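Starting from the given sequences, assemble the full structure and let the hints guide the process.
2 protein chains.
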Amino acid sequence: MPDAAIDTQRMEKIVSLCKRRGFIFQGNEIYGGLNGVWDYGPLGVELKRNVKDYWWRVIVRERDDVVGLDGAILTHRAALKASGHEDTFSDPMVDCRTCKARLRADQLPEKNGVNQCPNCGGRDLTEARPFNLMFSTQLGASADPDSIAYLRPETAQSIFVQFKNVLDTARKKLPFGIAQIGKAFRNEINPRNYIFRSREFEQMELEYFCRPEQGLELLDYWLEERLKFYENIGIGRDKLHVLTVPDADRAFYSKGTYDIEYAFPFGMQELEGVAYRTDYDLKQHQTASGKPLDYFDEETKARFIPHVIEPSAGVDRTVLALLCEAYDEETVTDDKGKTEVRTVLRFHPRIAPIKAGIFPLLKNQPELVTKAREVQALLRPLMNVFYDETGAIGRRYRRQDEVGTPFGITIDFETLGERDPALRDTVTLRHRDSMEQERIAIADLPERLSRQIR
Amino acid sequence: MPDAAIDTQRMEKIVSLCKRRGFIFQGNEIYGGLNGVWDYGPLGVELKRNVKDYWWRVIVRERDDVVGLDGAILTHRAALKASGHEDTFSDPMVDCRTCKARLRADQLPEKNGVNQCPNCGGRDLTEARPFNLMFSTQLGASADPDSIAYLRPETAQSIFVQFKNVLDTARKKLPFGIAQIGKAFRNEINPRNYIFRSREFEQMELEYFCRPEQGLELLDYWLEERLKFYENIGIGRDKLHVLTVPDADRAFYSKGTYDIEYAFPFGMQELEGVAYRTDYDLKQHQTASGKPLDYFDEETKARFIPHVIEPSAGVDRTVLALLCEAYDEETVTDDKGKTEVRTVLRFHPRIAPIKAGIFPLLKNQPELVTKAREVQALLRPLMNVFYDETGAIGRRYRRQDEVGTPFGITIDFETLGERDPALRDTVTLRHRDSMEQERIAIADLPERLSRQIR
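Going line by line, the protein sequences match chains A and B.
Going left to right, the first sequence walks through residues 109 to 562 as our numbering numbers them.
Going left to right, the second sequence walks through residues 109 to 562 as our numbering numbers them.
Honestly, the hints are just simulated from the structure, not real lab data.
No experiment lies behind these values; they were computed from the predicted model shown.
Hints may contain errors.
One copy or two, either will do: identical chains are not told apart, so a pair holds if it fits within one copy or between any two.
Think about it this way: if two alpha-carbon atoms lie no more than 30 Å apart in a straight line, the pair counts; the simulated DSBU-like pairs of lysine-lysine are [said to hold, decoys possible]:
1) Lys-479 - Lys-281
2) Lys-189 - Lys-291
3) Lys-127 - Lys-409
4) Lys-280 - Lys-479
5) Lys-336 - Lys-160
6) Lys-444 - Lys-121
7) Lys-280 - Lys-444
8) Lys-160 - Lys-347
9) Lys-127 - Lys-219
10) Lys-281 - Lys-127
11) Lys-160 - Lys-127
12) Lys-160 - Lys-291
13) Lys-127 - Lys-291
14) Lys-471 - Lys-409
15) Lys-127 - Lys-399
16) Lys-280 - Lys-121
17) Lys-160 - Lys-280
18) Lys-280 - Lys-363
19) Lys-363 - Lys-160
Pasting the structure below:
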């Protein structure tokens, strides 16, 4: 697969829309911003919730073989020593002696074969040295080294650390999984590409435990499941690239890893890794903690450490991919022959932050407003709706197009049955992508829309 | 209201059940545990999700006047300087010179009027000094003081800091609110009372902005709304105590604060604070950041800083209150006249982790199993169900009683229509609290159960 084309302008438009419409804001912006830290605004938080809720539904609630966990962010130093993070979770860093910038050594621009500081253009750089990416803090009131704790760099480790407790309480037999959604933190030297590589981010991780002989088959099974997931939220298979990570690039303990990649406007980048991690993690924690983390097989009476498949997805990356995939501009012509550019987010209805806009045609007609409020009350228990009575109807449609609302419902004089009694209690249902409109009975809305957003 | 009775034994039973059945585990337990840090197991995570989802539904999705936000945990030092946290968010701490313990000065036991170390009994304590409760960390690769960031001690501040961005994008008019659910962190000197006072916890906070003249009325409105919330998840008003915080105990900027308290087994303690914070927070951030955080009134053409009402609830505290409220033991007599103690969590169906247990009477009868799997497939898209075919039916009921599952559905020979064709495709529906059983058509289950869990 060829490298994805870089489209800086497109990326800038998406970032601008996200700020303008309240999807994503720079963290602590009024204080100059915190580099690599982002806040989700009113629409972003709904989009993110929809992604997480759908993942939880298909990975945990609709399966018999997976249970959930919600582990803490603050993590014991010993756990991240055992996992290898304290010693080896680092990026190579250099200092620029001219402007004092700290830079990722493996991402430096070159000029005539010599590394260059991207800030000042200087070439007087230090040797590269490892910089650990974990954030540390002091737990409790005393300041000795024993009180150091880390912000977890991934959610996975709390699953391994609690493996025995879950096994003892959930009564699951192999193969079974433990799933978690939660924040993780990495002190990136140079955060970049918007919410793609940030210092605080959210993960959706599944650790799926199995017998050693099932490992490779389940690796392929989970790759397939994960591709289906992206398809079901609007990122088709043709938009994803599956990279089989070569032997040399895999962690030494892994028997196979796929990267699911997406062509972001800034290039082809990893959305999710699906890794067969063997029994490495549980073994490490068993050795370091001295607590048994093995599985007792009731049939064969054998005890062994299960192997594990890990589909590990980034929530923020998925949100960004959805925004990039959905963003579209098209030239449309109105009834007066005037052309304009329509910006539309073509979100799958399942993940759209708002499912339906509800519009009384005129806000100064009490019957229209009352009816529109009734439609809102009817649909609200079933989905996130947005009531808007301000401005021309065309402008209201455009505002919802721009935030990806799949349905527009307009309450007009036909709804009141004034011209044609047969049309009483019907509304105009407008479809975001085609802009086509149809007449539908209010009573049919709940079923019709519910089916499409689920 | 008298002080709540302390019931240590009851608390121990709840803690034991939570560990045994997979609600809550000590964080990093296999490494000796991390003091004041807890992980939620398979059932705990579902219970917590249900509480958060219901809060989000009634506070954000079902209201026109509230939007959501999801701010970062990593927070700019300047923001928490402006809010007052860097200078004054502290507890008084003393050291015991004998055993070196660090202790909260205001919680020391006394003996003959002299403070005593609870660890060693020593009386050689230092003077009290303030200990700041915020966790700090270093952001980025350089180690200068500018790179210090804090883990937020409350979610509220990111709402104030993003007030202008939300106002500009969500087009709301006063009064309106910004709501957030998320983690916060406090480096408690002595964490205690299980998940009640922990170092990492989750908050559900609403900042409801209004005109100054609406403040006191809205304070009472929100107190009432919040009491309804607890009632709707199973904590009736008679179980809650509303404390009107006396003038002397309120923050100097607050014009009124209510504490909603619950009688935990370890005493009457705060579940939620509902505070009228005036314009203090926005003013502080406007002054410190130099960015305008005012509101433009289109009607009067005036600009002013809105006042704010803050209902601030703890997710973990609510979960603990639900567990305490639900926990019950009762002596029951079986058909053979044998008595036993039944442990039951009487959760409101709305927040119960599992809504229905699905049981084929016998696991070695394929028709029963097939039918039970059909019932599972029918209900699963609508609710969290648990299929169990192991052990005597009475034992399966008890296992679900203990984790608070409100409904038990048993597929038996009547379901197959073998004895009475009129009973074909009916099942036994057992109610957890009364243990009463009724016969119901499978086709009626979705509607019947959905109504009660919503």
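Any of the earlier hints contradicted here, and which numbers?
-> 7, 9
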